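Protein chains: 2
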Amino acid sequence: MFEAAELGRKVTREEFDAIAPTLRTELLELQRRLREADFPVIIIFGGVDGAGKNETANLLNEWLDPRWTVTRAYAGPSEDEAERPPFWRYWRDLPPKGKIGMFLSSWYHGPLMERVHDHISVADMDERLIRINRFEKSLADDGALIVKFWMHLSEKAQKKRLKKLEDDPLTAWQVTDLDWKHWKMYDRFVGAAERLIMQTSKGHALWHIVEGADARYRTSVVLNLLKEAINSHLQRREAMTKVAAELKKPNNQKPALPDVLAKQPSILSSLDMTQALDGDEYNRQLQEQRGRLSALHRKAKDKGISTVLVFEGWDAAGKGGTIRRLTNALNARDYQVIPIAAPTEEERAQHYLWRFWRHLSRAGRVTIFDRSWYGRVLVERVEGFCSDEAWQRAYGEINDFEEQIVEAGHVLCKFWLHITPEEQLARFEQRSEIEYKQWKLTDEDWRNREKWGAYETAVNAMVEQTSTHIAPWTLVEANTKTFARVKVLRTVCDALEAGIKKRK
Amino acid sequence: MFEAAELGRKVTREEFDAIAPTLRTELLELQRRLREADFPVIIIFGGVDGAGKNETANLLNEWLDPRWTVTRAYAGPSEDEAERPPFWRYWRDLPPKGKIGMFLSSWYHGPLMERVHDHISVADMDERLIRINRFEKSLADDGALIVKFWMHLSEKAQKKRLKKLEDDPLTAWQVTDLDWKHWKMYDRFVGAAERLIMQTSKGHALWHIVEGADARYRTSVVLNLLKEAINSHLQRREAMTKVAAELKKPNNQKPALPDVLAKQPSILSSLDMTQALDGDEYNRQLQEQRGRLSALHRKAKDKGISTVLVFEGWDAAGKGGTIRRLTNALNARDYQVIPIAAPTEEERAQHYLWRFWRHLSRAGRVTIFDRSWYGRVLVERVEGFCSDEAWQRAYGEINDFEEQIVEAGHVLCKFWLHITPEEQLARFEQRSEIEYKQWKLTDEDWRNREKWGAYETAVNAMVEQTSTHIAPWTLVEANTKTFARVKVLRTVCDALEAGIKKRK
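Chains as they are written, first to last, in my numbering: chain D, 306 to 809; chain H, 306 to 809.
One thing to keep in mind: the hints can contain errors.
It does not matter which identical chain is meant; a pair holds if it fits inside one copy or across any two.
To be verified - List of simulated lysine-lysine pairs, DSS-like, C-alpha gap at most 30 Å: (1) LYS489 to LYS461; (2) LYS547 to LYS559; (3) LYS461 to LYS568; (4) LYS469 to LYS568; (5) LYS507 to LYS547; (6) LYS402 to LYS507; (7) LYS756 to LYS507; (8) LYS806 to LYS608; (9) LYS756 to LYS547.
Simulated from the structure, these hints should not be mistaken for laboratory data. Since the structure is predicted, the reported quantities are computational estimates derived from the model, not experimental observations.
With these hints in hand, go ahead and build the complete structure from the sequences.
Here it is as structure tokens:
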């Protein structure tokens with residue numbers, strides 16, 4: 306794999322100076338075109354120490370328009386980062402559409418170095434690489450251009466390079482004992498790197514292996530590959546936009562579900578909606594569960610266990626009221642309620658999961674999503690805000706996201722608050738009558754109501770595809786608010802109890 | 306996940322009879338349109354025993370035009386199948402473009418049942434599912450429509466169903482002790498199934514979970530989903546064809562590589578082409594290696610170790626002559642030379658790897674590919690016979706293919722026979738002078754020669770991306786035929802020796 310990057314390729318200063326101005330102009334022009342584009346560029350530098358990862362990133366930073374470029378390098382996770390799932394920091398740093406993001410010591414660094422130092426087995430590394438593949442695939446599916454450069458040096462060239470850096474007083478600080486320690490592990494490093502590249506070089510995220518010994522050569526190669534990649538991605542996305550338009554033409558409308566299937570029971574219609582709780586019993590149970598929640602949360606906080614609660618449900622199903630009953634039992638500094646409405650401009654310039662990743666909280670906190678990432682497979686599906694392919698692949702992306710939350714030791718509960726159409730109508734009418742509640746009722750609520758059937762189909766599919774043992778849905782019969790509130794509280798308490806037990 | 310498929314959904318006979326004729330006509334019409342399409346349809350039935358997998362496949366077979374439909378079900382591998390990598394039989398059975406293939410007890414059956422019976426761990430099952438994901442992804446990338454139905458029954462419904470089948474003398478034979486044994490393992494089965502679905506439900510190959518208790522309901526759902534899937538895939542492919550055309554427009558041509566990069570040494574130009582072997586030494590070494598090969602092959606055959614040899618190289622580099630020196634040492638019944646020219650009509654209707662999978666031989670045999678799957682990243686790349694995306698993702702697909710060959714215990718060697726452009730010219734001229742060799746020289750050879758630089762770039766990238774520890778490339782300095790032949794023979798012998806040792 307690396308033989309082809311140990312050939313002693315060189316570009317002279319004269320040669321470089323001859324092509325540099327054109328390359329630079331072309332890159333700036335591409336960057337200008339990028340600003341209008343509907344995708345980000347993600348550049349990853351990996352490879353052997355001393356092969357020029359940093360220098361190349363520096364030069365790119367110098368050449369490109371800095372307003373549209375971000376560079377990120379990672380060390381061991383900070384306290385802040387360690388309290389979230391490992392990919393949190395990478396999600397946070399993703400460049401928005403139109404920008405170029407450069408990543409040094411990226412998501413590949415950990416699995417690779419842990420394998421080199423034998424802290425993890427080959428199978429463990431593979432598992433980690435699968436997660437990386439899913440991450441990059443999800444970004445690429447969303448349109449991102451991912452360009453990965455693996456900078457290579459032969460063992461001899463690496464030694465020579467480290468020596469040279471050491472001998473120059475201006476660069477000697479760059480060479481540490483660790484670098485020499487790594488150099489002695491060269492064979493292990495290259496062996497692990499080969500596996501890493503094999504497992505993660507995909508059509509949509511190819512590793513380009515670059516001979517790193519000569520600075521001008523490697524720079525020319527990287528700049529040229531980058532130019533080509535951006536150029537052809539721009540062309541491709543433009544063509545894809547035409548496809549999307551094509552597929553939206555009226556004659557491409559989907560046929561309606563046959564009546565006999567449309568009228569079938571759904572997971573929602575099978576709920577026993579008569580369940581209720583009378584006033585005294587409600588108060589007793591509410592107090593009991595709130596006391597329990599308060600105590601359990603303190604325990605969880607002590608242990609650094611975070612809680613993520615997801616609330617979905619029909620308009621007027623009582624999400625807000627239920628959330629308030631819950632938060633009342635908590636200390637204001639310990640929870641965040643995240644109301645999810647239409648995404649902001651900043652959020653629209655990112656992958657749809659980005660705005661949820663960013664809200665994952667520090668250890669011991671409770672994050673409550675009032676509507677959530679499930680919007681992708683509910684409202685966005687029903688309203689046609691995203692393509693069929695986009696919401697279909699979202700199930701897998703969501704399962705992967707939630708798996709990472711649970712693997713990080715967080716407690717995750719997902720609630721669908723269900724009311725019948727009749728109950729909804731009654732509540733709408735009540736809202737329109739009570740002055741201080743009128744603001745809660747919008748034209749959109751009435752419009753959504755007309756699409757009850759389509760939403761029900763979507764909810765059914767959502768439960769089918771995303772209710773799993775590690776992250777089950779709790780369907781809440783919410784025609785009676787009291788019953789719903791107690792059921793939610795009890796479910797959260799049970800989950801916290803189980804989560805605390807598991808941590809022991 | 307399965308709660309939504311235990312709702313007791315039913316379609317009455319009257320309801321079914323009312324929609325059946327239309328559905329049937331629509332499906333036949335779609336099948337007619339499919340015949341002209343550039344993709345196959347792959348339907349997979351999985352799920353709980355008794356949930357109607359077979360019945361649904363039967364009905365589809367009845368309704369569809371049998372000339373354009375194939376159905377495959379798998380039991381434990383036959384002797385023939387066990388001697389090849391596990392996916393060999395699935396590749397062999399893939400439907401060509403324009404046809405529908407239905408798969409029962411498909412590639413999912415093994416990993417699932419082995420997990421249910423605790424023969425493999427969860428991690429092992431995951432590994433197997435990754436291979437499945439790669440397989441399906443590769444087919445989908447090639448255009449295939451993959452529709453997966455998971456037929457579900459609750460534990461109670463399964464019992465009822467098995468009882469009912471048993472009670473009817475006409476269907477009693479369908480229920481075996483094994484079915485009841487499986488029923489007792491219901492929870493294990495459903496647990497493993499959930500993981501399987503979570504890991505393999507992808508945007509391009511979504512699992513549809515179907516409630517299987519009522520025959521007319523499940524049939525209606527499957528037929529309707531199938532209809533929708535084919536319909537929207539036809540639309541999508543049509544739009545994609547337009548994109549491909551768009552991307553091929555003259556203004557979308559790729560810029561040429563800057564001279565300063567084009568003239569860099571490649572992995573080929575770094576070879577020492579002066580290596581030679583004089584006549585006596587050649588004869589001695591040739592005899593020695595042939596004797597060695599003959600003995601080693603007999604040992605390998607005894608142990609059931611197959612050998613796969615890949616020959617690539619420049620026109621007139623001496624592939625044919627080298628192969629003959631090799632096969633002379635073998636028994637005619639033990640080897641096959643597969644000359645790879647332009648694909649046949651049958652082969653063109655399949656994934657490009659299909660025609661190589663089919664040639665993998667029985668245990669102990671030697672299969673020699675005179676040109677190979679590397680055509681995808683060489684001639685097809687250089688001549689623009691496939692899209693950039695197609696050859697870029699081919700590296701990963703090829704690595705995966707070769708990994709399966711090696712994992713099956715086969716010995717794999719890959720040779721690039723290299724000659725210099727000057728030597729090629731001399732050989733071309735010699736060929737055109739010797740009458741009985743003139744047929745070997747075509748206009749295409751001269752045309753290829755003009756693209757030497759582009760081919761060299763492609764060879765370099767090929768070695769970079771596909772020369773790995775498990776399947777390394779051997780670059781052969783072939784300006785002197787004698788030297789090349791002995792080097793190839795020795796490499797094959799060394800590999801066989803290592804392979805035999807590993808098997809012990």
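List of violated hint numbers, smallest to largest: none
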